[in-house]
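K.L.:
Numbering (this note's numbering), first residue to last: 27 to 208.
Note that these hints are calculated values from the structure, not bench results. It is possible that part of the hints are untrue.
Pairs of lysine to aspartate or glutamate residues, derived as DMTMM-like cross-links and limited to a Cα-Cα distance of at most 20 Å, are as follows [claimed, not checked]:
1. Lys117 / Glu133
2. Lys107 / Asp94
3. Lys195 / Asp146
4. Lys99 / Glu150
5. Lys83 / Asp94
6. Lys99 / Asp78
7. Lys83 / Glu55
8. Lys107 / Glu36
9. Lys151 / Glu178
10. Lys117 / Asp95
11. Lys99 / Asp146
12. Lys83 / Asp67
13. Lys58 / Glu150
14. Lys107 / Asp121
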Amino acid sequence: MKNLSRILSELANHGSWEGYGLLNYAIMEAVKAQPMPVNMDQLCEQLVGIGDKRNPKSIYRSMARAVDDIWAKPESRPLLKEYYHRELVEKPTLDSFICALARYLWEQAAAPQLYEIIFDQVSEKYGIISHIGDPKIWAAFPAITADRVLVEQIVAFLCDKEVPPEIFKNLYLSGGLLCGLE
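Whenever a hint applies, use it, and build me the whole structure from the sequences.
P.N.:
Structural data, given as structure tokens:
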């Protein structure tokens, strides 16, 4: 898996800009939320205090300028194509850039377990993803509960018992997953 700092330095036109450091933090947070997209307002709030920026809007603008800077460097286009899995014909938005790099890094990570924990920023609850066959094929079951320990126990049980994803899906959809646990 490529290192995020290395990816950003390969893409950067003016790598010393503060926006690149903020982008690094933002993308690392977005990787944790995969496969769910991140909420940019919440993400910028989380970045307050990193560097000299104290205002979420100035954080957003600083990162957006870094994405503009990346787009201004013609040599970045082949790399962007790799991260987006398609040719870009216009400058990416900050939101799409963060999501594309987070997804790329998430996909490049070591082979996933059958079940993993995810965090849904909007509901502030933990959920579970199930990998089906190929590691790039998954089903998301977001926003199960705010109790991370409980979700960790469920994931440990599902992995230990090698519960087939179809059975897990039926438990989730029937509401039987947390029956008596909350």
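K.L.:
The structure should be examined with respect to each hint, and the outcome stated for every one.
P.N.:
Hint-by-hint comparison with the structure:
1. Lys117 / Glu133: Given that 20 Å is the threshold and the Cα spacing comes to 23 Å, the pair is violated.
2. Lys107 / Asp94: Judged against 20 Å, a Cα distance of about 16 Å means the pair holds.
3. Lys195 / Asp146: Cα-Cα ~18 Å, so holds.
4. Lys99 / Glu150: Distance of about 37 Å is beyond 20 Å: violated.
5. Lys83 / Asp94: 16 Å, holds
6. Lys99 / Asp78: Roughly 26 Å separates the two Cα atoms, so the pair is violated.
7. Lys83 / Glu55: 18 Å, holds
8. Lys107 / Glu36: 13 Å, holds
9. Lys151 / Glu178: Between Lys151 and Glu178 the Cα gap is close to 13 Å, so the pair holds against 20 Å.
10. Lys117 / Asp95: 10 Å, holds
11. Lys99 / Asp146: 34 Å, violated
12. Lys83 / Asp67: 9 Å, holds
13. Lys58 / Glu150: 13 Å, holds
14. Lys107 / Asp121: With a Cα-Cα distance of about 16 Å, the restraint between Lys107 and Asp121 holds, given a limit of 20 Å.
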